[in-house]
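Note that the protein sequences, when read in sequence, are chains F and P.
Per the numbering used here, residue 1 is the first one in the first sequence, and the count goes up by one each step.
Per the numbering used here, residue 1 is the first one in the second sequence, and the count goes up by one each step.
Check the hints yourself; a few may be wrong.
Listed next, with one range per pair, are the computed distances between beta-carbon atoms [stated by the list, open to error]:
id : chain 1 : residue 1 : chain 2 : residue 2 : range
1  : P       : G80       : F       : I146      : 26 to 32 Å
2  : F       : R3        : P       : K82       : 54 to 60 Å
3  : P       : W112      : F       : L24       : 19 to 25 Å
4  : P       : K82       : F       : D28       : 29 to 35 Å
5  : P       : A35       : F       : A8        : 53 to 59 Å
So, partial list: chain P residues that the calculated Cβ filter (under 7 Å) puts toward chain F [what the hints assert, rightly or not]:
id : residue
6  : S20
7  : K24
8  : A25
9  : L27
10 : L51
11 : D68
12 : Y94
13 : G95
14 : I117
15 : F130
In short, the hints are calculated from the structure, not lab data.
Keep in mind the model is a prediction, meaning the values are calculated, not measured.
The beta carbon of each residue, even a glycine, is placed where N, CA and C say it ideally should be.
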Amino acid sequence: MKRLVIWAPLAAFVIFFGVVALQLYRPDNREHPSQFVGHPFPIVQLPAAASSRPTFTATGGPRLVNVFASWCVPCIAEAPVLASMTAQGAVIDGVALRDRREDVDAFLAQNGNPYRTIGLDANSRVQLAIGSSGVPETFIVDSKGIIRHQHIGAITEGDVPDLLEKLRAAQ
Amino acid sequence: MRRLAPLLLLLAPLPALADSTMPKAALADTQLPDARQEAQAKALMESVRCLVCQGQSIADSDAELAADMRAMIRERVQKGEKPEDIRNWLIARYGDWVSYKPVLDTATAPLWIAPLILIGAGVFLARGRFRRRRR
Numbered sequence: 001m002k003r004l005v006i007w008a009p010l011a012a013f014v015i016f017f018g019v020v021a022l023q024l025y026r027p028d029n030r031e032h033p034s035q036f037v038g039h040p041f042p043i044v045q046l047p048a049a050a051s052s053r054p055t056f057t058a059t060g061g062p063r064l065v066n067v068f069a070s071w072c073v074p075c076i077a078e079a080p081v082l083a084s085m086t087a088q089g090a091v092i093d094g095v096a097l098r099d100r101r102e103d104v105d106a107f108l109a110q111n112g113n114p115y116r117t118i119g120l121d122a123n124s125r126v127q128l129a130i131g132s133s134g135v136p137e138t139f140i141v142d143s144k145g146i147i148r149h150q151h152i153g154a155i156t157e158g159d160v161p162d163l164l165e166k167l168r169a170a171q
Numbered sequence: 001m002r003r004l005a006p007l008l009l010l011l012a013p014l015p016a017l018a019d020s021t022m023p024k025a026a027l028a029d030t031q032l033p034d035a036r037q038e039a040q041a042k043a044l045m046e047s048v049r050c051l052v053c054q055g056q057s058i059a060d061s062d063a064e065l066a067a068d069m070r071a072m073i074r075e076r077v078q079k080g081e082k083p084e085d086i087r088n089w090l091i092a093r094y095g096d097w098v099s100y101k102p103v104l105d106t107a108t109a110p111l112w113i114a115p116l117i118l119i120g121a122g123v124f125l126a127r128g129r130f131r132r133r134r135r
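The following block holds chain P by itself, in its conformation from the complex (with noise of 0.2 Å):
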């Protein structure tokens, strides 16, 4: 059997390579008693990006990694933490990149002020345009 073992994981790389065969902790896949904490907490999930399946929400995700930040993120609004707070708290680990909520800072705030300055320009032109018809 122990000869065999490789040839058998060669069958199943990934899930070699990603899963443990732990249980999924207590409050992955369990909802909270109380449902407005459990809408507090269902909607940092899907705001908060999965490490591992990186295209993904947490709340969508099957990664292991994403079911443990699911169970710490029940727990810590059980606890009565506020949602924004854990989400600072990833942010300060993992980056803005964690987060699926946009941010407006130096880096984003030409995406934020450029649809403005687009429709003032628009304005602008089609108000010369409109003057001119006039005469």
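Just chain F, with the same shape it has in the complex (with noise of 0.2 Å):
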């Protein structure tokens, strides 16, 4: 008995080692979801982003939430999908991020307008209301107004399926 004792510390210190090298090696995730899924969106009162739009509600079925800005390089590969989105049925309203009207007006002209609403949020209020760290970002917002799905990034052609479906989930 008083032999196995004797390994018990160098045991120990395998076990600590082995624990210690495998998370290092895990790559890193910087990818932090949103605390704030299953929530409702909060209620927010944003300046139309865009001449042909009005404005952002807080309120009005099931629908997608993208957050994006003319700045943000991403968003150009990801409006052509987000078109098609909307040509399948799906609502998109746009929070348009630290930004300006004639820009949001210039890119939109450019990439093309899927969105029914774009508020402008000039300071980011909204971004840290529901727990969004980046553009671009897409939340699926259900009938209630309660946040069902946070989508991290452009979403490409392959995650159109799954968010649709999701969409559908959230009537």
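Dock the two chains into a complex; use the hints.
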């Protein structure tokens, strides 16, 4: 028994070292999903971000809320995918982050306008209120105004079926 | 110029991705007139993690989101909100991860309790040794 006990500290060290090494070699995860999924989308008054669309409202049926910006490069790649989603019946409301109206207008003129409404979030208040940390991000909001899902990063063709399915489930 | 623009972007790919051209929010880098409130806000800013530069506090970070978070914190402290309430508001949205202030819960309990247990075990071992020597 005593012989075995002598090895205990070494065994403890090996286990400790193994756990540390394993965690060190795990790839870094820099994505931190919003903890606000499952909570109601905050009701906020935002000015309209584009001259061709009314401003964002916190109510209005199941929809996607897309946080984007005219200065955001991945948003350009995302624009045609969003357009294909509206073509398939999805409703998309936009929140333009730290942006100017004329810049948003130019962005929409160049990349298309898939949005029903667009609000201008000049100082990130809405972004902070929903636990989002970058652009683009997309939230699925159900008919009761509850946030049901968060998609981090640009939506690609491959994400569309899954997101449309989640949007249907949010009826 | 339009054709040249993507090439110019290649020269500075990161700022093009991460930055708007907007000026910073009013209170992002301006202290509150009330020194006590500013001290409260500053203490909170130093213990809230930046969501963009993830190793830095928002007091240290140059990211635009950090500037907007500083502005929000100063505004809310100015309105009389308690710093800990603002911290909890952020934790509700970003998780414990956003706060540098260590919490005691089931996941972190071993970190708090283990040193006490180890010290206890050390005292117990040392006591046995001292006794033997006295004999």
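Hints and how they fare:
A hinted range of 26 to 32 Å for the beta carbons of P/G80 and F/I146 is consistent with their spacing of about 30 Å. At about 59 Å, the beta-carbon gap between F/R3 and P/K82 stays in the expected band of 54 to 60 Å. For the hinted restraint 19 to 25 Å between P/W112 and F/L24, the CB-CB distance of approximately 23 Å keeps it satisfied. In this structure, P/K82 and F/D28 meet the distance hint of 29 to 35 Å, their C-beta atoms being roughly 34 Å apart.
At about 56 Å, the beta-carbon gap between P/A35 and F/A8 stays in the expected band of 53 to 59 Å. Restraint check, P/S20 versus chain F: the minimum CB separation of about 4 Å is within 7 Å; hint holds. Interface hint at P/K24: violated, since its Cβ lies 9 Å from the closest Cβ of chain F, which is beyond the 7 Å cut-off. For P/A25, the interface hint holds, since its Cβ comes within 7 Å of a Cβ in chain F; the closest pair sits about 4 Å apart.
Because the beta carbon of P/L27 sits about 10 Å from the nearest beta carbon in chain F, more than 7 Å, this interface hint is broken. With its C-beta approaching chain F no nearer than about 4 Å, P/L51 sits inside the 7 Å limit, and its interface hint holds. A distance limit of 7 Å between C-beta atoms decides the matter here; for P/D68 the minimum to chain F is near 4 Å, and the interface restraint holds. The interface hint given for P/Y94 is met, as the beta carbon of that residue sits about 5 Å from the closest beta carbon of chain F, less than 7 Å.
Residue-level restraint check for P/G95 holds (minimum Cβ-Cβ distance to chain F is 5 Å; threshold 7 Å). A cut of 7 Å between beta carbons decides the hint on P/I117: the least distance to chain F is about 13 Å, and the hint is violated. For P/F130, the shortest C-beta to C-beta distance to chain F is roughly 20 Å, which exceeds 7 Å, and the interface hint is violated.
Consistency note: the structure conflicts with the earlier hints numbered 7, 9, 14 and 15.
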